[in-house]
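Enquirer: Chains X and L supply the protein sequences, listed in that same order. Taking numbering that gives the first Met the number 0, the leading residue of the first sequence gets 0, the next gets one more, and so forth. Taking numbering that gives the first Met the number 0, the leading residue of the second sequence gets 0, the next gets one more, and so forth.
The hints are simulated quantities; they were obtained by calculation from the structure and are not laboratory data. Note that the coordinates shown come from a computational prediction; the quantities given were computed from them, not determined experimentally. There may be inaccurate statements among the hints.
No copy labels: a pair is met if it fits in one copy or bridges any two.
Unchecked claim - Here are the computed lysine-lysine pairs in the DSSO-like style, where the Cα-Cα straight-line distance is at most 30 Å: (1) Lys41 <-> Lys260; (2) Lys260 <-> Lys64; (3) Lys273 <-> Lys310; (4) Lys64 <-> Lys310; (5) Lys293 <-> Lys41; (6) Lys293 <-> Lys71; (7) Lys41 <-> Lys310.
Take a look at the letters that make up each chain.
Protein chains: 2
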Amino acid sequence: MVDLDAVTRGNRLELARLLTEVENQTPAGEQALDRLFARAGKAHLVGITGAPGTGKSSLVSCLAKNIRVAQKQTVAIVAVDPSSPFTGGAILGDRVRMRELAGDPGVFIRSMASRGELGGLASATAGVVQVLDAAGFDFILIETVGAGQSEVDIACLAYTTLVVESPGLGDDIQAIKAGILEIADILVVNKSDLPGAENTARALRANLDLGYHLHMNHNGAHRMTIKENEVRNTPAWTPPIIQTIATQHNGIDEVVAEILKHREYLIDTGLWQKREQDRLRSEVYHLLQTGLVKRWQQSTPPQVFERLLQKVFARELSPRAAIDSLLNGSYN
Amino acid sequence: MVDLDAVTRGNRLELARLLTEVENQTPAGEQALDRLFARAGKAHLVGITGAPGTGKSSLVSCLAKNIRVAQKQTVAIVAVDPSSPFTGGAILGDRVRMRELAGDPGVFIRSMASRGELGGLASATAGVVQVLDAAGFDFILIETVGAGQSEVDIACLAYTTLVVESPGLGDDIQAIKAGILEIADILVVNKSDLPGAENTARALRANLDLGYHLHMNHNGAHRMTIKENEVRNTPAWTPPIIQTIATQHNGIDEVVAEILKHREYLIDTGLWQKREQDRLRSEVYHLLQTGLVKRWQQSTPPQVFERLLQKVFARELSPRAAIDSLLNGSYN
Chain X
0 MVDLDAVTRG NRLELARLLT EVENQTPAGE QALDRLFARA GKAHLVGITG APGTGKSSLV
60 SCLAKNIRVA QKQTVAIVAV DPSSPFTGGA ILGDRVRMRE LAGDPGVFIR SMASRGELGG
120 LASATAGVVQ VLDAAGFDFI LIETVGAGQS EVDIACLAYT TLVVESPGLG DDIQAIKAGI
180 LEIADILVVN KSDLPGAENT ARALRANLDL GYHLHMNHNG AHRMTIKENE VRNTPAWTPP
240 IIQTIATQHN GIDEVVAEIL KHREYLIDTG LWQKREQDRL RSEVYHLLQT GLVKRWQQST
300 PPQVFERLLQ KVFARELSPR AAIDSLLNGS YN
Chain L
0 MVDLDAVTRG NRLELARLLT EVENQTPAGE QALDRLFARA GKAHLVGITG APGTGKSSLV
60 SCLAKNIRVA QKQTVAIVAV DPSSPFTGGA ILGDRVRMRE LAGDPGVFIR SMASRGELGG
120 LASATAGVVQ VLDAAGFDFI LIETVGAGQS EVDIACLAYT TLVVESPGLG DDIQAIKAGI
180 LEIADILVVN KSDLPGAENT ARALRANLDL GYHLHMNHNG AHRMTIKENE VRNTPAWTPP
240 IIQTIATQHN GIDEVVAEIL KHREYLIDTG LWQKREQDRL RSEVYHLLQT GLVKRWQQST
300 PPQVFERLLQ KVFARELSPR AAIDSLLNGS YN
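Based on the provided sequences and hints, a complete structural model is requested.
Expert: This is the structure:
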């Protein structure tokens, strides 16, 4: 059994044990999440995403150090690797790269990999983040590798989302940027000592302006519709573009300042609370779904479902027709 | 209204209209999926994935051409771009790069982007693929950009999964490969005219061998557990590694030959049928979930749910405790 009081008192060994339970979604882990729920909801969650090769990990280390040393806040890093769905492994570097902060109980690092099931990673990450939140960390940095649905899920979890770019990653990567730009609250051009950094920053600015322009004209499913317009008549946030050289600790102060500014913006406009409530709403809805299926399964003999499946396999019934007949009671 | 008979008779304009309905998950689209279900289940679904910059799109064009011209089979391409979650845009190149096959009714190309909601892309893609299957295409090539959860979802949809690599994409990309390798039935090293192609192929082989070795020792959640061991005592499939230069149509015959060989392997071992049934089973399960929630909503006043949510927002009740009380009827 994990000692929850020890976790909230700052016992790091117990924290690590609890996170393993939560990541594996064991009954003990689920119970702990339940009991810790009342203590969570205070940490500022920051998502950091971007294509491979942009130096995200170094940047995250620098940000953590700055938040801890200059801002005197506690900080946890959750490094998520959705590209490793089946092995359950995690990027080794994440565990060793923060040596300079080792021994400081105000800094904590956790690596995790995807569970291979749809939505599994997102919910495991949400659980891990909730525990770190309840354990009292002021900032939680959630770092992801890759560019896809997982980034969108994490953008939903974080209050502030950083998208990291770097100069000269080639055309195909440019295509990816276009989509990911839309979830950015802060844009970072890392490795800005490389040639082309100014061009990358300029291209990002042009893309952003285009995005806003498109929004004004077509009112499509653009990020402004999703984020800024959550609360009507809210002043819009224009994502700043910051050039950094993480390996030389260059530009880090500025990025942290923008994170703090964005947090303030969210709190002042009521968006912080709204995002938290939206997240809780989906969690409750998801649990409702699972609970209803469980209750249904307890009252229905498994053969009924299996017989129906056989008809679907034979393509005699479509999946929809099968479920309709099942729920209308016209099938037994 | 879309004319379904016209779609199955080969009317491409009606097919395109229907796909739009299905992609947008309109009632007409859902109804059409339902009616076309009995006609689907014959096409061989091939997933093609890999990191940006590997030349996947050129490779997919070459494969389509070979399947159409040399194998005399009809072929559809579904190009999925999960990195563009909010705009609904699609990569322009996909629509224009197949000019040489234009006018051939035995070839069809469709681009689609993510819907921005969890699982939205996977289910929209599944619908589009089912329509193309019912429309009679022999092969459906599903191409994805990026590296993440979406690739895993698509691996679940496809019978044969190709992972495309190319020489010299840098260390960070190597990390991604490790995870994605595990979903590969066929590995392609494209751009093999670049220096380092032999090294890449060798590294992949070493990685694969290591994977099998690990599996033998630890029996973890490795791909062999997921794919080859689906049916016990099935001979294992060893993913071949093929070097190609798609821009010069080099190595394409070999890749197509391996796709055909893998299809034969799946059919002979019963894995083809098993994968189809697993997919249908999850679809039915998903519909059951949705149906149960809908039924519950019809019998419960919305205020009950909203009042409960407020308690969760105030952190007086955890999400789990809220749902427990709701389903036990102890809360009103």
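Enquirer: Each hint needs a verdict: does it hold in this structure or not?
Expert: Now for the hints, and whether the structure bears them out:
1. For the identical chains of this complex, Lys41 and Lys260 are intra-copy neighbours only, at 17 Å inside a copy versus 56 Å across copies, given an alpha-carbon limit of 30 Å.
2. In this assembly of identical chains, Lys260 and Lys64 lie within 30 Å of each other by CA distance solely inside one copy; the values are 18 Å within and 54 Å between copies.
3. In the homo-oligomer, the alpha carbons of Lys273 and Lys310 lie at most 30 Å apart only across protomers (15 Å), although the nearest pairing inside one protomer, at 45 Å, exceeds that limit.
4. In this assembly of identical chains, the alpha carbons of Lys64 and Lys310 never lie at most 30 Å apart, being 59 Å within a copy and 37 Å across copies at closest.
5. In the homo-oligomer, the alpha carbons of Lys293 and Lys41 never lie at most 30 Å apart, since the shortest distance is 33 Å inside one protomer and 34 Å across protomers.
6. When the C-alpha separation of Lys293 and Lys71 is checked against a cutoff of 30 Å, the pair qualifies neither within a copy, at 46 Å, nor between copies, at 49 Å.
7. In this assembly of identical chains, the alpha carbons of Lys41 and Lys310 lie at most 30 Å apart only when taken from different copies (17 Å versus 51 Å within one copy).
Hints 4, 5 and 6 from the list above are not met by this structure, while the remaining hints are.
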